[in-house]
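Each chain sits in its own coordinate frame; assemble them with the hints.
Chains as they are written, first to last, in my numbering: chain X, 1 to 351; chain A, 1 to 568.
If you're looking for bench data, these hints aren't it; they were derived computationally from the structure.
Accuracy of the hints is not assured; some may be wrong.
A short, non-exhaustive set of chain X residues, derived as facing chain A with CB atoms under 10 angstroms [what the hints assert, rightly or not]:
#  : residue
1  : Ala45
2  : Ile48
3  : Ala49
4  : Glu69
5  : Leu118
6  : Glu169
7  : Asn170
8  : Thr173
9  : Asp209
10 : Ser232
11 : Pro252
12 : Arg338
Chain X is nowhere near these chain A residues, computed Cβ spacing over 12 angstroms in every case [stated by the list, open to error]:
#  : residue
13 : Lys94
14 : Gly302
15 : Pro350
16 : Leu528
All C-beta atoms in this analysis are idealised placements derived from N, C-alpha and C, irrespective of residue type, glycine included.
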Amino acid sequence: MKHVKVWILVLLLGVLGSACGSGDQTADTPAVVRLMTHDSFDVSAELIASFEAETGLDVEIFKAGDGGEMLNKAILAGDAPLADVLFGVDNTFLSRALENDLFLPYESPVLLEIRDGLELDPEYRVSPVDYGDICLNYDVAWFEEAQLPPPDSLEDLADPMYKGLTVVENAATSTPGLGFLLATVERFGEDGYLDYWRQLVANDVLIVDGWEQAYYSYFTAASEGDRPIVVSYASSPVAEVFYAEEPPASAPTAAVLTDGTCFRQVEFAGILRGTKVEKEARLLVDFILDQQFQEDIPLKMFVYPANETAVLPELFQKYGHAADKPVQMDPARITANREAWIQAWTDVALR
Amino acid sequence: MIGSARSIAVVAIFLLPAVFFALFYLYPLGSILRLGLMPEGRLNTAALLQPLVNPNLLRIVWFTTWQAFVSTVLTLLLAFPGAYVLARFSFRGKTLVRTLATLPFVLPTVVVAAAFIALIGPSGVINNWLRDLLALDRGPIALSQTIWIILLAHVFYNYSVVLRLLSAYWQNLPPSMTQAAQMLGASPLRAFFEVTLPLLRPAITSAATLVFIFCFTSFGVIIILGGPRFATIEVEIYRQAVNLFNLPLAAALSLWQIIFTFILMWVYTRTQARLGQTVKASAGKAAERPVRTPREKWLVYGNVVAIVILIGAPLLALVARSFRGQRGPTLLYYRSLFINQDDSLFFVPPGEAILNSILIAFGAMILAVSLGLLAATVLSRWERNAAGNGRLGALIPRTLDALLMLPLATSAVTLGLGYLISLGRPPLNLRDSIIILPIVHAVVAVPFVMRAVLPGFRGIQPSLREAAAMLGADGRHVWWEVDWPLLRRAILAGAIYAFTISLGEFGATVFLARPETPTLPVAIYRFLGRPGALNYGQALAMSVLLMGVCAVAFVVIERFRFGNEGEF
Chain X
1 MKHVKVWILV
11 LLLGVLGSAC
21 GSGDQTADTP
31 AVVRLMTHDS
41 FDVSAELIAS
51 FEAETGLDVE
61 IFKAGDGGEM
71 LNKAILAGDA
81 PLADVLFGVD
91 NTFLSRALEN
101 DLFLPYESPV
111 LLEIRDGLEL
121 DPEYRVSPVD
131 YGDICLNYDV
141 AWFEEAQLPP
151 PDSLEDLADP
161 MYKGLTVVEN
171 AATSTPGLGF
181 LLATVERFGE
191 DGYLDYWRQL
201 VANDVLIVDG
211 WEQAYYSYFT
221 AASEGDRPIV
231 VSYASSPVAE
241 VFYAEEPPAS
251 APTAAVLTDG
261 TCFRQVEFAG
271 ILRGTKVEKE
281 ARLLVDFILD
291 QQFQEDIPLK
301 MFVYPANETA
311 VLPELFQKYG
321 HAADKPVQMD
331 PARITANREA
341 WIQAWTDVAL
351 R
Chain A
1 MIGSARSIAV
11 VAIFLLPAVF
21 FALFYLYPLG
31 SILRLGLMPE
41 GRLNTAALLQ
51 PLVNPNLLRI
61 VWFTTWQAFV
71 STVLTLLLAF
81 PGAYVLARFS
91 FRGKTLVRTL
101 ATLPFVLPTV
111 VVAAAFIALI
121 GPSGVINNWL
131 RDLLALDRGP
141 IALSQTIWII
151 LLAHVFYNYS
161 VVLRLLSAYW
171 QNLPPSMTQA
181 AQMLGASPLR
191 AFFEVTLPLL
201 RPAITSAATL
211 VFIFCFTSFG
221 VIIILGGPRF
231 ATIEVEIYRQ
241 AVNLFNLPLA
251 AALSLWQIIF
261 TFILMWVYTR
271 TQARLGQTVK
281 ASAGKAAERP
291 VRTPREKWLV
301 YGNVVAIVIL
311 IGAPLLALVA
321 RSFRGQRGPT
331 LLYYRSLFIN
341 QDDSLFFVPP
351 GEAILNSILI
361 AFGAMILAVS
371 LGLLAATVLS
381 RWERNAAGNG
391 RLGALIPRTL
401 DALLMLPLAT
411 SAVTLGLGYL
421 ISLGRPPLNL
431 RDSIIILPIV
441 HAVVAVPFVM
451 RAVLPGFRGI
461 QPSLREAAAM
471 LGADGRHVWW
481 EVDWPLLRRA
491 ILAGAIYAFT
501 ISLGEFGATV
511 FLARPETPTL
521 PVAIYRFLGR
531 PGALNYGQAL
541 AMSVLLMGVC
551 AVAFVVIERF
561 RFGNEGEF
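For reference, chain A alone in the conformation it holds in the complex (with noise of 0.2 angstroms):
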């Protein structure tokens, strides 16, 4: 039996991750929108009704709302047979093509919108080509500031988080179910609809939820490559915040925008709980085949191509472009990097740049999935024991799982603007400090880890637990013995993801950075800030070397074992 003080100990640590919720997400929002909405105490009502009746952010939250709703459907649609062969086949370059589809995660959009005007812009290579091709005027291909190029750009964007998170929840799923299925007669379309699919629910509307806010709360794709005719509710907030200063109908939006996705994120766990499901996952690679017949061959590769095409072409032209000099190939850009030209005291090396933006992340990812792991422990648990409670007993574990989300659907600059005011007082003295950059990166991360590894640990049985228990095995015996090779991947994606979004971010990184610290995406603006062809090129080459720090990152990770569990 356990002892009270341990038990205590437990608590105690359990409570860390709403303890650090408190503290950095719900302190901070609660501060800015205090501020904006009730200035002398008294709730501005006129302000906090305002979206909901003028017809101009009607129209925005209408836009936001079936812009996102397409490009999640456009994203699934588009990663599904990837993730399928991922999960399920065995390749050379397997570990390579997943690196590639998640390296876009760290890209500021500014240069991906330049990678893409390369590409497919009225002077792009595929343009020009096009043209010359079918003896046009002019390029066929005019996509810039329309729809297009933003669900182009949000499935580029989002592609590997379908893949990602569906993959690690197909390896477990052992394939044995479909192949009974196809033995007892299913058609294999049939048996597809009414076994696999099914059983991928929870991934899938796991992976689909967190697109869907991504695209929710979409800014620098909206801005930047759909241009100043488009706004989502994030950009009005900027707008109003920034632009016009209007802090009350900024807080206003930022308010609705969470209440929005609360929503929907509670009618979400609720299904994911009515799925309830609990499935015979298997650890083994068993599940994973080589290619064999010519079909396998066809799907597998032509999977690989489409991610070349779709995510590849983009990046090749980016590190194409930053070997190009103006008279051919060169290393100049990437030279001129370590060479402090003028003297300027913002010059970075970029050794240091990579090692303060390696750190943070690093930092970032240890905090997010740590707090990541102990909130899902708690709350899988919960879930279990109150499922015999009632109606009432399971509201309180929904209703925080769909809590614990709102972090990455609020506005980055309400929550900027939130740390400013709340964090830089006693007992919270943070602002100057370096150490509240892994933190702001991990509050956004959490809901990401979370996301990873719920549907896993709601998947695996009780039995095993139980049966674990009954042979004798403690509690970490199990948890190690049962839950962790099962939970594997999917920390592991969480993982990733944590990483990346640090290692990208950039919001907090400027309103926190000083010159002491410059990470690599501060020292990217700097460069886009000024004319001049050595700018843009030391631009390019700086965005390569966070291509490649994210990269050798992933493959490093991935590589990362625990125990002796075989290969991935």
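Same shape as in the complex, but just chain X (with noise of 0.2 angstroms):
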């Protein structure tokens, strides 16, 4: 009985500690800057801690899921907002946010610094931070044993050569997976994109739900599978050597760089309405768009920096080019269009 009664004393507590629990902010304790952002989000410790130096602030981080889902619980957060600062809504998902109207404007001076073409809002209500392309990758050691040469064009992928050696995701859920879809749509037209999906789908092409499975499940350079060819980022190969056991030699993968194969995705930032602390938020806002900051996303995000003072890292050099001729879409467009892109795929390519 003894078990009992202290069961009902931990519960009595318990539900007494919740109920009074996250108890108000007192006068003498520094301001707290929150940050949202997806999953992906990393930082170096150190930048944070100088940052939180500098300004007598403390940043509190949290990540809400992916990119849709983050976005969407920023939305349905309405006028208690999550965070202060929102990070890493995307060109695809930029309309949803702007219509619920999610953002304070906020002209950041350091704006000046960012590269031409990404999309600057004119309203100023977000900031561009990082850009990312969404490209095909290949197993390099795969295509030298099979004595193949590598696609180097969309249309490679529907050529009986390669059949049954992709596997790509989800547009109706993964990111990649809706770039790779844009992707097509820019290169063969809404007249023509869901012939060249049915060309890919008599031709094998193995669409799973995200990009874990398909990058950790089939793709040949990183898993048990069999598909040499997988829709991933520009960056990934980096990424392959950054964390590779051992440096290797060359990078185990490749991504396919020739003009209108990638979609660039570009994420920006910008300041939740209804914060109470908006002088605050401006600071991490600067701080976010600096070049410091800046020079830590490409090997801590693996995508590339958005401020033209930034310094990429050697093995970005080396390894992590860009792409040239990227596909960039208006996200006017896309929003007007996705959800009927989505479904008629969705109706070709896995019905």
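Structure representation (structure tokens):
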């Protein structure tokens, strides 16, 4: 019976504690500025520490799922925002964010250093923070062994020579999947992309739910799978070298960077409407756009810095070039057509 | 006689589960459903009725139902002999087998999928072996993205549910009844079908209900192993809520999913009540005996081998892979776990992740077991008292019983979004608090505990309690001397699942986890999100640690003795 009493005590304490938990901030603790972001976000501990030391602020970061989940949560939280700054809404979701009036405008002085063509919001509600290219990747050793030239265009994937070699992600549920679908829409036009996908299906393309399965269950270079071509990022080969067990002589994978085969994904950050610390949130946005943070981005998140003054790490210069002429699509056009394209694609590719 | 102040305290304690249920289930769920279906105060009937008229959605509902049914039947059939063996025989390695069978429960689906592919994928170990053996061009097993791999995975995940619940109940059934039937001339087969099986029915239906609900709301297995061509209602809810941000339809689907489960549960509790039998249960270990005849040997070791192959093989593949680098055996992946190679803010020292996970899981377990036991006590007493009050009287406890199962059948996405909008404001400003994690996990685990213990509660003969009371035992002594010995195993099974559910849970964890409290699943997903051999290796190594923590915890919980009860 003693145990029962102890349990009940624990229970009562738990409920009481939870009811009064998360008390109010007292005045003398440092102001907290909260950053919400997606699962892929990463940053050097030292960098955040130096920002905290400089500004006297406390930075709290929380990850709210993948890009889509994060955005929906931010929208649902409404007037009780989950954070003060949101990092990582991308160009495929940007319109949904703007339509829901999620951000407060802020024209950071650092925006002058941002590279051209990254779709600055004319009202400065969001600022571009990084970009990446969604590209085909292939297993270098596999193609050498098979004595087959690696693919260098989207058309190649439909070639019988490459039958059963490709794995792609579901455009309805995965960002790389959607990016790749958009690249095919741009390349073959709204009249032609479905035909192209019919050819891919006939050529035994494998469609899986997300990047993790594609890469770690089916891609020959990273799993026990049997698909040497995968939709991933232009920078994935860099990660393969950086996270190799021993430094390899050359990258085990490579990205196809030919014109019009990659889709450019741009990520943005913005100050969430409803924040109680707008001034501090601005400091955080400046910091994110600033050279130091931007130079930290490539080896942390394996995307490219938006700030032109940021120098790319050596590994990127060696293995991780971005595409010269990637597909770039107006976010408004993506939002207007996303559902229709995905639905049509689903009917062709998955039924 | 009991003083009125004390009886008020008793009522208050028994009200706890109801309050908990209302605060952490009904309130968040109601908030999100209202936002989805009645944004301006008027019910959006068009969205609400869509799942009933849209042929596409109807197809999804149909698929969800039949695959759950088939998965449940398969799991029951496959785990039944195993439960018998665990209930009736004592043999070496029994705890090990039971622990092994429960491990899949904590593993992230992505990791399990990778293990399956490594075993039976197109270039998997077994396929390559069969290909060489049969001199074929490619492996003969082509299961990926088929219904078969979904069913297989459901059996893999749920096998232990049947195994544990059934064997815990079976152990309390005296073998004498079956023996008596045989002595009276019944063939072993007849004795089984006419005596043993009916006696086991409460536990069988209880386990079957749980497995059905798990498969009915299956998510990871469907999208990851089944692929994008398959969809359950749960998958469709996620798609509508997250990918399309169609909250009305997501809310409507969630509501129908809940209604469907409620009807099912209600029918189930009705049959449970009608079974209404009490068993002359015995809590002794007399029912367990060593393996003697060759036939028994065959039965016991056959089942052990089956469990090892079905559940052990994929787990072993994982463990083996975590020690195999590109150049042979290595500890590199494990060593790397302890090094913050690139000064990442999100680096999680394994020790810290393990500690966080264990603390949260123990909290969730204690909460779930306490609440589940309280609720089960109230319900079973109420049922007994109501039995004399005609149909209407019995209706209330039965409906409550069905109601309390619903958290298990509620879409995780929906509930998660519900927490987000309802717990971010006073008076329940818990969104940022660590305490919310064990609470959320307990919400899902309480139904589990209840399903584990209710058949036992119902099986206790009132005469036993009355006898104890007559001999002068007060209420708590009756509980301690009569109920507890009979319920011990069932409570243990419930506790273990509560712990496991919390340990492996990822959805709520990621939605609430602050950098300060990363758990093991959070750490695993951090590695899985990036390319590179080292990341994959570390994800596997972390998964193996998760299994290890889980296994050690099981053994500790199973060894946990109350008083002088002897061994299990």
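Results of checking the hints against the structure:
1. Ala45: 4 angstroms, holds
2. Ile48: 6 angstroms, holds
3. Ala49: 9 angstroms, holds
4. Glu69: Since chain A brings a Cβ to about 5 angstroms from X:Glu69, closer than 10 angstroms, the hint holds.
5. Leu118: 23 angstroms, violated
6. Glu169: Since chain A brings a Cβ to about 9 angstroms from X:Glu169, closer than 10 angstroms, the hint holds.
7. Asn170: Holds. Min distance 4 angstroms.
8. Thr173: 6 angstroms, holds
9. Asp209: Hint on X:Asp209: holds, closest Cβ of chain A at ~4 angstroms, below 10 angstroms.
10. Ser232: Because about 7 angstroms separates X:Ser232 from the closest Cβ in chain A, which is inside the 10 angstroms limit, the hint holds.
11. Pro252: 8 angstroms, holds
12. Arg338: Holds, about 9 angstroms.
13. Lys94: 26 angstroms, holds
14. Gly302: 30 angstroms, holds
15. Pro350: About 17 angstroms separates A:Pro350 from the closest Cβ of chain X, which puts it past 12 angstroms; holds.
16. Leu528: 5 angstroms, violated
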